[in-house]
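Going down the list, the sequences are from chains G and D.
Quick note, the first sequence lines up with residues 1 to 381 if you use this note's numbering.
Quick note, the second sequence lines up with residues 1001 to 1093 if you use this note's numbering.
These are calculated hints, taken from the structure and not from any lab test.
Any given hint might turn out to be false.
Stated by the list, open to error - No farther apart than 27 Å at their CA atoms in a straight line, the calculated lysine-lysine pairs in the DSSO-like style are these: (1) D:Lys1088 - D:Lys1050; (2) G:Lys238 - D:Lys1050; (3) D:Lys1088 - G:Lys238; (4) G:Lys82 - D:Lys1088.
As the list claims (entries may be wrong) - Not everything, but these chain G residues come out facing chain D in the computed CB check (under 8 Å): (5) Arg76; (6) Leu213; (7) Val223; (8) Arg229; (9) Glu232.
Just so we're clear, the structure is a prediction, and the values are computed from it rather than from any experiment.
All residues carry an ideal CB built from backbone N, CA and C; glycine is no exception.
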Amino acid sequence: MTRLFIILALGLAACTNSSLRGTGDLGVVVERAAGRVMLIETTQRTAIGRVDGLGDLSHASVVFSRDARYAYVFGRDGGLSKVDLLGARIERRVIQSGNAIGGAISQDGRLVAAANYTPGGIRIFDAGTLELLSEVPTGAKVVGIADAPGNRFVFSLFESGEIWVVDASIPRDPKTLRLKDIGKQPYDGFVTPDGRHYIAGLYGEDGLALVDLWHPDRGARRVLQGYGRGEEPLPVYKMPHLRGWAAAGRYLFLPAIGRHEVLVLDRSSWTEAARIPVRGQPVFAVAQPGGRRVWVNFALPHNDTVQVIDVDAMQVVKELRPGRAVLHLEFTPRGEQVWVSSRDDDAVAVYDTATYAELARLRAEKPSGIFLTSRAAMTGF
Amino acid sequence: MLSAAAVAQPAPERRAELVELVRHDCGSCHGLTLKGGLGPSLEPSALAGKDSEFLSFVILHGPRGTPMPPWRGQLAEDEARWIVESLKRGLPK
């Protein structure tokens, strides 16, 4: 009897073991029109499941829990969902506002902050339970939210041209530092990979706003001022995005607004190091891990193209056509693959970054953002 | 009513493309459900009472001081008018 029990127990343990897996090669692809995410793994390059019921994902973004098991999905309709990647299900979900743009997770992983358009402000939640802990109303649309060391959340205000640094060390009583007159119409922002600087792109003027997060009280300074040289800007059919790894060594690669150029900012002097002519209005400029190349996608009507910039040569060395309406690209943590979404071809293409060979093509319904769990360990998300 | 009737109708295939464009490209800023985002709501209730000619001018030329681009490079005048009338009625699925 005892013996039989032991054998049964061993059998059970074996079953359980076979289903154990890590999350280091997992990620999600947003299927924006279906209100769903596709769960992917980057080792065999397959879809391993789908999670429905996430609401309006027209401008969705995703951050990960510090153990990289859960994805927090921020939907346009104010929905905040905690998705269990291993269970392929929604663990918890709250509707936290009327109209949201994104969010971030704190350095210690205990807090998730959602950035809202309506009503303007951020709301801070317990990452475990999604209980609302506090809110910081802004009276303006919040853009470019990022996490910064010290359990701080940094973001910009579109209408009022401000950057706010919120210290959420005491989650129910956050302290806000308001930096005013940072520039006209900030449209997005990001924190450098080392967590030291916050940079906001400005739509209403040629330039960017820079905050040293070691000394936020010193305020924001303008960099790359007047990069358009007074020329009439070209129409921008899709707002550029700054969140992503645009840092390659000492350089930051940033989409110019209203010109077909990628701007290169030298971090040692905060001056322009180069500007690289590209196919169209850049949307994302993302550095391949290691910083050897920067991959760029574009707004309409050049949104079927991806260009690759060589950082040594400071010029475009490769052009790819992954499909119609390329919305996003994401590198595996060590940069050997890049995943690219093509909304109008209902496909996600995977490329070998060394040879540019297409390794896989997955079906996905109107895919937009691609988010891999390696983000769990990165500052700024 | 008169103005709607006077608008030249784009061909059916083009109409399907325009609906896709409004939902996805306009939707990037105005929301996939058109309830608003960085840009305002484009739901029928939000557009009710607004002059159609003015709204198509906004689409074609882009309102000054906002991030909205002029779409005249991508859209013909009658297409902009058709989009306005469709939005006012509620965009077809």
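| said: Check the structure against each numbered hint from earlier and tell me which ones fail, lowest number first. | reply: 4, 6, 7, 8 and 9
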